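Sequence lines, in order, name chains A and B. Count the first sequence with the working numbering and you get residues 239 to 684, in order. Count the second sequence with the working numbering and you get residues 239 to 684, in order.
Possibly wrong hints are sitting among the right ones.
Chain copies aren't distinguished; within one or between two, either way the pair holds.
The calculated DSSO-like cross-link candidates involving lysine-lysine, where the alpha carbons are at most 30 Å apart (straight line), are [as the list claims (entries may be wrong)]: (1) Lys-575 x Lys-333; (2) Lys-305 x Lys-341; (3) Lys-497 x Lys-481; (4) Lys-399 x Lys-305.
Bear in mind the hints are in silico, worked out from the structure with no lab data behind them. Computed from a predicted model, the values in this text were never measured in an experiment.
There are 2 protein chains.
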Amino acid sequence: MAIKLNERYLKNFVGTHELCGMSGAVQTAHEQLTAKSGMGSDFLGWVDLPETYDKAEFARIKKAAAKITADSEVLIVIGIGGSYLGARAVIEALKSSLYNSLKKPTPDIYFAGNSISPTYLNEIISLVDSRDFSVNVISKSGTTTEPALAFRVFRDMLVEKYGEDGAKARIYATTDAARGTLKELADKMQYETFTIADDVGGRFSVLSAVGLLPIACAGCDIDALMQGAGDAMREYSVPDLDKNPCYRYAALRNILYRKGKRAEMLVAYENSFAMMSEWYKQLFGESEGKDKKGLLPVSAVFSTDLHSLGQYVQDGAPLLFETVIDVKTPQKDFFLKECPENSDGLNFLSNRNMSEVNRKAFEGTVLAHVEGGVPNIILEMPELNEYELGYLIYFFEKACAISGYILGVNPFDQPGVESYKKNMFALLGKPGFEAERAALEKLLNE
Amino acid sequence: MAIKLNERYLKNFVGTHELCGMSGAVQTAHEQLTAKSGMGSDFLGWVDLPETYDKAEFARIKKAAAKITADSEVLIVIGIGGSYLGARAVIEALKSSLYNSLKKPTPDIYFAGNSISPTYLNEIISLVDSRDFSVNVISKSGTTTEPALAFRVFRDMLVEKYGEDGAKARIYATTDAARGTLKELADKMQYETFTIADDVGGRFSVLSAVGLLPIACAGCDIDALMQGAGDAMREYSVPDLDKNPCYRYAALRNILYRKGKRAEMLVAYENSFAMMSEWYKQLFGESEGKDKKGLLPVSAVFSTDLHSLGQYVQDGAPLLFETVIDVKTPQKDFFLKECPENSDGLNFLSNRNMSEVNRKAFEGTVLAHVEGGVPNIILEMPELNEYELGYLIYFFEKACAISGYILGVNPFDQPGVESYKKNMFALLGKPGFEAERAALEKLLNE
Chain A
239 MAIKLNERYL KNFVGTHELC GMSGAVQTAH EQLTAKSGMG SDFLGWVDLP ETYDKAEFAR
299 IKKAAAKITA DSEVLIVIGI GGSYLGARAV IEALKSSLYN SLKKPTPDIY FAGNSISPTY
359 LNEIISLVDS RDFSVNVISK SGTTTEPALA FRVFRDMLVE KYGEDGAKAR IYATTDAARG
419 TLKELADKMQ YETFTIADDV GGRFSVLSAV GLLPIACAGC DIDALMQGAG DAMREYSVPD
479 LDKNPCYRYA ALRNILYRKG KRAEMLVAYE NSFAMMSEWY KQLFGESEGK DKKGLLPVSA
539 VFSTDLHSLG QYVQDGAPLL FETVIDVKTP QKDFFLKECP ENSDGLNFLS NRNMSEVNRK
599 AFEGTVLAHV EGGVPNIILE MPELNEYELG YLIYFFEKAC AISGYILGVN PFDQPGVESY
659 KKNMFALLGK PGFEAERAAL EKLLNE
Chain B
239 MAIKLNERYL KNFVGTHELC GMSGAVQTAH EQLTAKSGMG SDFLGWVDLP ETYDKAEFAR
299 IKKAAAKITA DSEVLIVIGI GGSYLGARAV IEALKSSLYN SLKKPTPDIY FAGNSISPTY
359 LNEIISLVDS RDFSVNVISK SGTTTEPALA FRVFRDMLVE KYGEDGAKAR IYATTDAARG
419 TLKELADKMQ YETFTIADDV GGRFSVLSAV GLLPIACAGC DIDALMQGAG DAMREYSVPD
479 LDKNPCYRYA ALRNILYRKG KRAEMLVAYE NSFAMMSEWY KQLFGESEGK DKKGLLPVSA
539 VFSTDLHSLG QYVQDGAPLL FETVIDVKTP QKDFFLKECP ENSDGLNFLS NRNMSEVNRK
599 AFEGTVLAHV EGGVPNIILE MPELNEYELG YLIYFFEKAC AISGYILGVN PFDQPGVESY
659 KKNMFALLGK PGFEAERAAL EKLLNE
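So that you can see chain A by itself, here it is in the shape it has in the complex (with noise of 0.2 Å):
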């Protein structure tokens, strides 16, 4: 009923001093979560959002997605970022990652507006064109450029299919409570519409609506998803490091930084896990990634990357550690039976289940890895489902926000990524950017 850390595979790389050694810096990142005194403490709404989200909001999320579900035969969510990646990584965990080739009783989920690709903008049209269709767009202002642009697209069609009015019924908007341009317009069009939160950045926003209306579309379980979160708020709220799992790997991870390791790589046995490892990256590299300091985010899914990342892991540069997912019992299992001719050899697997030879494949693989030099953090989960997601989500958020404080950087920023858009925006020539212009086009040319 709870993430397990186990440690065992980091004793020859890690004292038990050194961990009685971040004792003091974890207690006052604590602290400044918890008095909201740290930086970014503008952004703490995430921090009890497992208790205090709003209940009435949590009931329309679930009869909008019961309307949808008995509507629409896809459903487009648009947003980037935050916006796009913590839904995507619930659902292909949960459902699947061939969640769209399978058959269910829910509508397929494509996710638009996450690029400025016009060939994959072409295709999710093609897929909606003779179909029912309906639109979750997630933006706080309504400005981004990535999903405004594929918003106008879809919602041109929706009125092309439907009408003025049959397209609002199929519009769900999920922007600021009260200013923004998508808000504005939400509100003039009557479209339904959910918050994001002030205090809850797009990496912090899973367990908001952000994540939860297409989450719930899929047909995943809400309210688990919530009580698992919820039931992680309140385990990981003790500062002491024998008591709290999520921050002793907070700790773990800073000890290995400090120790030379430069990049972190979250390892799962499941390919439905490859998207919530993306979220993972978002989370950890945006938060930490700044000031010229962090943990580069990197990921594998094995035993397959065994075959292609696998050399560099075991041999490489040791620049790496690995946090690797322990699930104790798959979504579904498989029986291998015995083969007569037994022409491959492979008798000696027969009669078990294929998830034993799956745990068999992690543990000779952690044992190679450490015996390679390679520190492995393993966090053990008793299954895939949604209580346990959420508690492992939990536990990442807050384990992402100690870690960030550790650090020294404010975990809930993202300057650097106004970096790209400014020069974006002066090269397309929007109004107000003249000057960056030139001496950017300047810079091209040269």
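Given the coordinates of chain A, work out where chain B should sit on it, guided by the hints.
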């Protein structure tokens, strides 16, 4: 008609004299490759493959693809590592990351046998059990655990569905020319077979039958793919750094590595390139990641990941340089109409093609990242079609070989991949591994 190496955004990071300083090492690497005198020279079959490939087999590949297209709604491709990534990467890059969801005259293609996840295996089974399908099993030995287990399952399904004879006509085995359990079985059962050459390692095999059969089944023009690779082979045959952009790229990435960059991020601006980046990660990671050396290969799709990893790249620890794939013309474009009310304020983007916005995002990002201290190597391609992708594949393969020799490693072996396999076999009780098993179980339980 070729890859252009744009070095404009390296000038703050690499001096011209530094490239001169690498010319000797590059010359030596070139001679090792040409004279087959370097490490791993038993595995150089890929070097002239675009010219020397078996034309009769090539014709059989096209014929088999036509038959599969005619009699199958689904092709299951069973393979792992190099027997999986190349085909999937090329199909997604040329056709779509949503290939299976889109309407098309060619079969759906699902990849199996690339993990030990029972959940995933069950899903693939559910996707074919009511449809006509064929299987392409790709394994040199026939005993690699992941594909062998999957092949047992899908072979049984075929026999149950079509009878023993019907199944035979739907199984295509890509394997060793002369020996191994899969070859023996294929001969006995009279499967159509294609060859995995002894001198072409898995990660260099995409332009052999390993990659070509699935790629042809997706409706890609494999003649053009080989022609592009062949033209690249001829262009990149000279050792002079001024005339060989492939070698120049190899030299530049080694210069950056020696200056302290520890990871190379391959960046593309099309979602459909994501699996090509996975292919690149295997190619370079497995070739260079040994003897505690090598650049860590990572990847991103922009602008999507500018909203997740962008902050780290811009302002995180200065570990990274970027190699950016700059495709000049997209596969499909999209014209951005004006929106009368302009509520999102984006009408400054109207009345032009979306590809232009994507291009400005690319230019703006490069300038921002360079200003943030991140060297950028740009690989320019006219478009993403069969010919150009064949060119690019060969570019990376040869750059990887030269790069590995410059680094002082054997670019063609992967000794580290054996470590986990040995442990896994022992833990699973494979006959002959009894002593190792006891030692490993002690480690797991102490």
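Hints and how they fare:
no.	hint	verdict
1	Lys-575 x Lys-333	within (26 Å within a copy, 37 Å between copies)
2	Lys-305 x Lys-341	both (19 Å within a copy, 27 Å between copies)
3	Lys-497 x Lys-481	within (24 Å within a copy, 43 Å between copies)
4	Lys-399 x Lys-305	within (18 Å within a copy, 40 Å between copies)
When each numbered hint is compared with the structure, no violation occurs for any of them.
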